[in-house]
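Engineer: Here the protein sequences come in this chain order: A and B.
Heads up: the first sequence runs through residues 1009 to 1102, numbered per this note's numbering.
Heads up: the second sequence runs through residues 160 to 462, numbered per this note's numbering.
Calculated from the structure, these hints are not laboratory results.
C-beta atoms are modelled at their ideal positions from N, C-alpha and C, and glycine is treated no differently.
A couple of the hints might just be wrong.
Stated by the list, open to error - Some chain B residues near chain A, calculated using beta-carbon distances under 7 Å:
{"id": "1", "residue": "208"}
{"id": "2", "residue": "212"}
{"id": "3", "residue": "424"}
Stated by the list, open to error - For lysine-lysine, the following DSS-like pairs were computed, each having C-alpha atoms within a straight-line distance of at most 30 Å:
{"id": "4", "chain 1": "B", "residue 1": "334", "chain 2": "B", "residue 2": "164"}
{"id": "5", "chain 1": "A", "residue 1": "1045", "chain 2": "B", "residue 2": "386"}
{"id": "6", "chain 1": "B", "residue 1": "167", "chain 2": "B", "residue 2": "250"}
{"id": "7", "chain 1": "A", "residue 1": "1057", "chain 2": "B", "residue 2": "334"}
Stated by the list, open to error - Computed footprint of chain A on chain B; a stretch qualifies when at least three of its residues, placed anywhere within it, have a C-beta under 8 Å from a C-beta of chain A:
{"id": "8", "region": "319–330"}
{"id": "9", "region": "375–381"}
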Amino acid sequence: MLEIAIAIILGCCGLGAGIAMVAGIGPGIGEGNAVAKACEAIGRQPESKGDVTTTMLMGCAVAETTGLYALVIAILLIFVAPGRFVNILMNIVG
Amino acid sequence: MKTSKAFKALDIFYIVMMILPFAAGIVLKVLTSPASDDINITGALIYFTIHMPIQDLPITEAQVNSLLVVISVTFICLYLTHGLSVKAHLKRQVAAEWLIESASKLVNGSMGEYFNGFIPFISAILVLSALSSLSSLLGLYAPTSDINVVAGWAILVFILITYYRFKCGPLHYMKSFTEPIALMTPMNIISEIATPISMSFRHYGNILSGSVISVLIAAALQGLSSKILGWLPGFLGQFPFLRIGLPAILSLYFDVFSGVLQAYIFAMLTMSYVSSAFAADEYQMRRLRKEQKKLQKQVLANK
Chain A
1009 MLEIAIAIIL GCCGLGAGIA MVAGIGPGIG EGNAVAKACE AIGRQPESKG
1059 DVTTTMLMGC AVAETTGLYA LVIAILLIFV APGRFVNILM NIVG
Chain B
160 MKTSKAFKAL DIFYIVMMIL PFAAGIVLKV LTSPASDDIN ITGALIYFTI
210 HMPIQDLPIT EAQVNSLLVV ISVTFICLYL THGLSVKAHL KRQVAAEWLI
260 ESASKLVNGS MGEYFNGFIP FISAILVLSA LSSLSSLLGL YAPTSDINVV
310 AGWAILVFIL ITYYRFKCGP LHYMKSFTEP IALMTPMNII SEIATPISMS
360 FRHYGNILSG SVISVLIAAA LQGLSSKILG WLPGFLGQFP FLRIGLPAIL
410 SLYFDVFSGV LQAYIFAMLT MSYVSSAFAA DEYQMRRLRK EQKKLQKQVL
460 ANK
């Protein structure tokens, strides 16, 4: 019985990590839009390439944050959460 | 101009001290990390633990490596500023001047003249963060892929932001939370607290994700090469040929580009947060008012 419970915990942690990384879609679309607009701007005004590039990189880094939150949650779910949950289970079972 | 023997000896000492911390880090890593062929994605190794009354204080690889980077940066600075003269005759003086000039241009461009005192702080953050991330090229555990190190820097930046908000008095500080309308107060408080969290998560997440992906790809290539080339006799069969090449190109992006970009972004965000936290116009007005009051008092006293 205990083996099944632990297996369910491990499987659900893995599934949760996978589902959490769906959040990677958002930053992908957002950064794609940002880079597309930056390309347009450089095409219109090639002399402002340096300013546009640095601003775009800043914006990309800020937009990436939500994806990185998801990444941190996924890493916690894979490496930290199983041990914690199994410990809690063991404490309940005794 | 001839250089004396003592000058040269000091130069060699500085160069050795620049490289020595990294060598010491590599030796420590080789001696302490357990040998295994499996994929192991773990946090920082704990070298030893100091027993404290409330909670034990573990001394980890990340802390040791970041201190090693600090020592190395100190000696780089000492080397660059060794033998300065009014008319530059050493190449390193030109390099040092260029570094200082570009740092002050960066800070002046995005913060304004008032924050000239921030030039050393911002350049320190830039160099420390970039070298910490780049130290993973030597096989060391990058200190920036541990959240504790980066969170320390982010908390420092948060303290600076709060200090500059407080400069116009506590009342102005309280009022700044109700900025558009009073209803937004909880949102403003949350966004204030989220600043250090998002800064530290952004930096550490980028570096950590790079190292995790590199390890996964290296392990996958090793497995693939043992499947495909396993029939070769003896040593040739065990040698992971497919691991040559691709991880190096990935490391160029994940370690070099991403590390330096994150250092730049951390510095840029620090600058923009601090300079936007300081209400320059309000501060000027308050100072003017204070001076006027002082003058009035003096005039009254003289009468």
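Engineer: Next, verify each hint and record whether it holds.
Structural biologist: We went through each hint and held it up to the structure:
no. : hint            : result
1   : 208             : violated, 19 Å
2   : 212             : violated, 25 Å
3   : 424             : holds, 4 Å
4   : B:334 to B:164  : violated, 63 Å
5   : A:1045 to B:386 : violated, 45 Å
6   : B:167 to B:250  : holds, 15 Å
7   : A:1057 to B:334 : violated, 40 Å
8   : 319–330         : violated (count 0)
9   : 375–381         : violated (count 0)
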